[in-house]
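Student: Model the full assembly from the supplied sequences, consistent with the hints where possible.
Under the numbering used here, residues 485 to 737 are what the sequence shown spells out, in order.
Just so you know, not all the hints are guaranteed correct.
Below 30 Å or equal to it, Euclidean Cα-Cα: the simulated DSSO-like pairs (lysine-lysine) are [said to hold, decoys possible]: (1) 732 with 619; (2) 486 with 732; (3) 563 with 675; (4) 550 with 596; (5) 634 with 619; (6) 705 with 634; (7) 550 with 563; (8) 619 with 497; (9) 486 with 675; (10) 596 with 619; (11) 619 with 561; (12) 561 with 634; (13) 705 with 558; (14) 561 with 550; (15) 596 with 486; (16) 550 with 634.
Pairwise CB distance ranges (calculated) [stated by the list, open to error]: (17) 728 with 590: 19 to 29 Å; (18) 714 with 495: 48 to 58 Å; (19) 494 with 736: 36 to 46 Å; (20) 627 with 507: 36 to 46 Å; (21) 548 with 507: 23 to 33 Å; (22) 541 with 504: 37 to 47 Å; (23) 692 with 523: 46 to 56 Å.
Source of the hints: derived by calculation from the structure; they are not laboratory data. Glycine residues also receive a C-beta, built at the ideal position from the N, C-alpha and C atoms.
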Amino acid sequence: MKASVNANYNKNKVLTLGENNADILMNSWVGGANSIIRVGENLNSFYGYRRLGVYTQADVDAGEAKLEDIGRAKRTKEKEIIGKGLPDWTGSFVNNLRYKNFDFTLDLQFVKGVEIMQQFFHSTYDRFGITNGLKEILTDAYNGSNPNTKEQAIYLTNGGHRGQDSNVDDAWIADGSYLRVNLIQLGYTFKPDALKRIGLQRLRIYANANNPFLFTSNDFKGYDPESTSQGEGKFGQNMTFFAYPRAKTFSLG
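Tutor: Encoded structure:
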């Protein structure tokens, strides 16, 4: 048996930005900039509002909202850093096992200490009236009896984006940690004596399963946490908008 373990720890902090250390805002999309480079912070920081909940009748009675705001998202007034797209830990575990004529390989990959900005929430969570939506819309949407929910009320949308309130905030942020099974391989090598009668010198058969399993956090609703579909080069990691997942492949050889 042969096992190999690899672990990498990453910690980064922006130390200086030009003469005035001014923020650099990037990746403008819904609600303006979705990421920021700021002195003292992680290089790949997400930028948006904090979602405090939804407006209720109590907010209207207190003079903090209008009647038409009931059921809509209640957010902070100012944007702030709401996550980071660079992981603290990355690593792998590769195990090779041989027993008599059998061989077995297991390849695992892990990432820990990172967030994902689920930009597809723009269409599936906050602006679902003209698109398919997540099932949480039915279970968590504000209905008057659940004032502590963070999911907006269901609005009828007959055209355009009317009735929708979509803006990047921390309700879109999920734990991006995962464990991926990259490869499971099982092989069998025939003995030379058994092959002489059919004129072969060597024969090995094997079965491969590439990317068969992926374990993610419960709050991640996408296909694959290891994806980036938005972003300006190296400063847009883990900002995903319907990124296509890695395929599962099964083969014999």
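Student: Next, verify each hint and record whether it holds.
Tutor: Here is what the structure says about each hint:
1. Distance check on the hinted pair: residue 732 and residue 619 sit about 25 Å apart at the alpha-carbon level, within 30 Å; holds.
2. In summary, the hint linking residue 486 to residue 732 is supported, as the alpha carbons are separated by about 26 Å, within the 30 Å threshold.
3. Using a Cα cut-off of 30 Å, the hinted pair residue 563 and residue 675 is violated, with the two alpha carbons roughly 67 Å apart.
4. Simply put, residue 550 and residue 596 have alpha-carbon atoms about 42 Å apart, too far for the 30 Å limit, and the pair is violated.
5. For the hint linking residue 634 to residue 619, the alpha-carbon distance of about 14 Å falls within 30 Å, and the restraint holds.
6. For the hint pairing residue 705 with residue 634, the CA-to-CA distance comes to about 16 Å; that is within 30 Å, so the pair holds.
7. For the hint pairing residue 550 with residue 563, the CA-to-CA distance comes to about 22 Å; that is within 30 Å, so the pair holds.
8. A distance of roughly 38 Å separates the Cα atoms of residue 619 and residue 497; the hinted pair therefore is violated under the 30 Å criterion.
9. For a cut-off of 30 Å, the pair hint linking residue 486 to residue 675 stands: about 22 Å separates their Cα positions.
10. A C-alpha spacing of about 27 Å is found between residue 596 and residue 619, which places the hinted pair at or below 30 Å, so the restraint holds.
11. A threshold of 30 Å between alpha carbons decides the hint, and for residue 619 with residue 561 the separation of about 29 Å falls inside it, so the pair holds.
12. In summary, the hint linking residue 561 to residue 634 is supported, as the alpha carbons are separated by about 16 Å, within the 30 Å threshold.
13. As the CA atoms of residue 705 and residue 558 are separated by approximately 22 Å, the hinted pair is consistent with the 30 Å bound.
14. The straight-line distance between the Cα atoms of residue 561 and residue 550 is roughly 16 Å, inside the 30 Å bound, and the hint therefore holds.
15. Simply put, residue 596 and residue 486 have alpha-carbon atoms about 25 Å apart, close enough for the 30 Å limit, and the pair holds.
16. Between the alpha carbons of residue 550 and residue 634 the distance comes to roughly 18 Å, so the proposed pair stays at or under 30 Å and holds.
17. The hinted window of 19 to 29 Å between residue 728 and residue 590 holds, with their beta carbons roughly 26 Å apart.
18. Separated by about 25 Å at the C-beta atoms, residue 714 and residue 495 break the suggested range of 48 to 58 Å.
19. The beta-carbon spacing between residue 494 and residue 736, approximately 38 Å, falls within the hinted interval of 36 to 46 Å.
20. Checked against the given bound of 36 to 46 Å, the beta carbons of residue 627 and residue 507, roughly 39 Å apart, stay inside it.
21. Evaluation of the 23 to 33 Å hint for residue 548 and residue 507 yields a pass: the beta carbon distance comes to about 29 Å.
22. The given range of 37 to 47 Å is respected by residue 541 and residue 504, whose C-beta atoms sit roughly 46 Å from each other.
23. Between residue 692 and residue 523, the C-beta spacing of about 48 Å keeps the proposed range 46 to 56 Å intact.
In summary, the structure is inconsistent with hints 3, 4, 8 and 18 from the numbered list given earlier, while agreeing with the others.
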